[in-house]
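Undergrad: Sequence:
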Amino acid sequence: MLMPNSNPLLSTLLWVGSEITEEREMREPSSVGFEGNGVVSPPPQALLERLKDYGQEDAFALWYELSPEERDFLVKDIESLDLSRIDRIIRCSLRSQGLPAAAIEPVPESSVSTVEERSLEDRERWWKMGLKAISDGKLAVLLLSGGQGTRLGSSDPKGCFNIGLPSGKSLFQLQAERILCVQRLASQATNENSASSVQIHWYIMTSPFTDDATRKFFESHKFFGLESEQVTFFQQGTIPCVSKDGRFIMETPYRVAKAPDGNGGVYSALKSTKLLEDMASKGIKYIDCYGVDNALVRVADPTFLGYFIDKGVAAAAKVVRKAYPQEKVGVFVRRGKGGPLTVVEYSELDSSLASAVNQTTGRLRFCWSNVCLHMFTLDFLNQVANGLEKDSIYHLAEKKIPSIHGLTMGLKLEQFIFDAFPYAPTTALFEVLREEEFAPVKNANGSNVDTPDSAKLLVLRLHTRWVVAAGGFLTHSVPLYATGVEVSPLCSYAGENLEPICRGRTFHAPCEITY
1 MLMPNSNPLL
11 STLLWVGSEI
21 TEEREMREPS
31 SVGFEGNGVV
41 SPPPQALLER
51 LKDYGQEDAF
61 ALWYELSPEE
71 RDFLVKDIES
81 LDLSRIDRII
91 RCSLRSQGLP
101 AAAIEPVPES
111 SVSTVEERSL
121 EDRERWWKMG
131 LKAISDGKLA
141 VLLLSGGQGT
151 RLGSSDPKGC
161 FNIGLPSGKS
171 LFQLQAERIL
181 CVQRLASQAT
191 NENSASSVQI
201 HWYIMTSPFT
211 DDATRKFFES
221 HKFFGLESEQ
231 VTFFQQGTIP
241 CVSKDGRFIM
251 ETPYRVAKAP
261 DGNGGVYSAL
271 KSTKLLEDMA
281 SKGIKYIDCY
291 GVDNALVRVA
301 DPTFLGYFID
311 KGVAAAAKVV
321 RKAYPQEKVG
331 VFVRRGKGGP
341 LTVVEYSELD
351 SSLASAVNQT
361 TGRLRFCWSN
371 VCLHMFTLDF
381 LNQVANGLEK
391 DSIYHLAEKK
401 IPSIHGLTMG
411 LKLEQFIFDA
421 FPYAPTTALF
431 EVLREEEFAP
441 VKNANGSNVD
451 TPDSAKLLVL
461 RLHTRWVVAA
471 GGFLTHSVPL
481 YATGVEVSPL
491 CSYAGENLEP
501 ICRGRTFHAP
511 CEITY
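All residue numbers for the sequence shown refer to the numbering used here, where the first residue is 1 and numbers rise by one.
Hints were generated in silico from the structure; no laboratory data involved. Watch out, some of these pointers could steer you wrong.
Computed Cβ-Cβ distance ranges for the label pairs, DEER-style [unchecked claim]:
| no. | residue 1 | residue 2 | range |
| --- | --- | --- | --- |
| 1 | Phe473 | Asn162 | 23 to 31 Å |
| 2 | Glu116 | Gly406 | 51 to 59 Å |
| 3 | Lys399 | Asp453 | 51 to 59 Å |
| 4 | Ile404 | Ser355 | 41 to 49 Å |
| 5 | Ser355 | Glu116 | 19 to 27 Å |
| 6 | Arg118 | Gly153 | 25 to 33 Å |
| 7 | Glu398 | Asp310 | 40 to 48 Å |
Lysine-lysine pairs mimicking BS3-like chemistry, simulated, CA-CA at most 30 Å apart [as the list claims (entries may be wrong)]:
| no. | residue 1 | residue 2 |
| --- | --- | --- |
| 8 | Lys328 | Lys76 |
| 9 | Lys400 | Lys442 |
| 10 | Lys128 | Lys216 |
Think of the CB as a built atom: it goes at the ideal place given N, C-alpha and C, for glycine as much as any other residue.
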């Protein structure tokens, strides 16, 4: 304290110095603060130093404004992060932006099995090969189900959604019953005593936002007739959202903003949870991988599996023909002269490339659309998990991120399921018909495309064709284009074995046909 007769200039200088010191102390999270009558401890020194190593010390900027509970939460939140891995991902991903990519070429015709070139003999042979591999326990099914039905007007997991079929079944139930049907078909084809002797393991990737609700949904529906032990749930990871210079965005003063790491996060999740080892221990060699929001997905398709085994490739994908040049879908391409097959988004194709026609086939040069229906060998999944982790390159999406400053423009880091394909030494594409295998459920009713109503109609129309082909008849009180019948997956997987149920019978649409 200054004495009364002190020099006024000296007094002013001391006062200014104390103000500067106080301001510096407010900015420095390692300074000592006060809480009530007690002294607030600074952030854990070792943790603060680690953050400084990666330029992320701002995460503790508001330390002295937090309650004791909030400080504990922040410490645990930071400690839960693998800082060295996240730093490597951020640096590699930011560095990769703007780098020139190899030119793209159309997929070679030899890499694609088209619908018209497929003979009945081929289809039957692949069907039998697939059923044999399934009966031998070599196939697992991998479901990507991390998303909520937000765009559908629901906060539930997408798989819980009922698209309005006569049965009222959810997407999860439709897929589970298709697995049950394939198990029965494989058992019958190999003369096993009962369908329960053939079991397809179902691995379901959730997210922190859908995991609990998904598990409870399956439990409340008694796993839709499957054995509980043949279903394994696991969570995809999350990764911090960052500013354009790579710094963490704080969602609250005591929580780092995070987002799911994309459906391509399945590879690191399978590795970190040791589920790749679990698959190997079960004798699994092939993995059928698909997204939850397709009402017509042929889960564990024996024909696709037989084709995959017959080709002897590391990876394969079902594809549909692009409907028109500017359709907003990703397409398979060859990256570089003689390079691997991969997927490019529609935004990466300029209009001249998108519209270019192959004069020999009459198709668009870039026509094979990716619809997230993939098949991998287990050996290849191990290679992908290691390769993606080593390269650490994520896609950057500029988004509005909830933060302590309101909605802030920042970057979400994601990997996509198709990021695996550049690692594949061999890839084969298998064309399927949209109207038979692709009914996406992405937008709420009232939208232009990919709604529950449009998916429902695709299901009803396909099943109506099955019933008529099996000798059944339909009556309907509304135009047939707006209705149809639903065939339970427990009756038929792809239109087979319906004659005993349908021949000579009349069904009033809409209805569900069961045993």
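Undergrad: Quick check: which numbered hints come out false for this structure?
TA: 3, 6, 8 and 10
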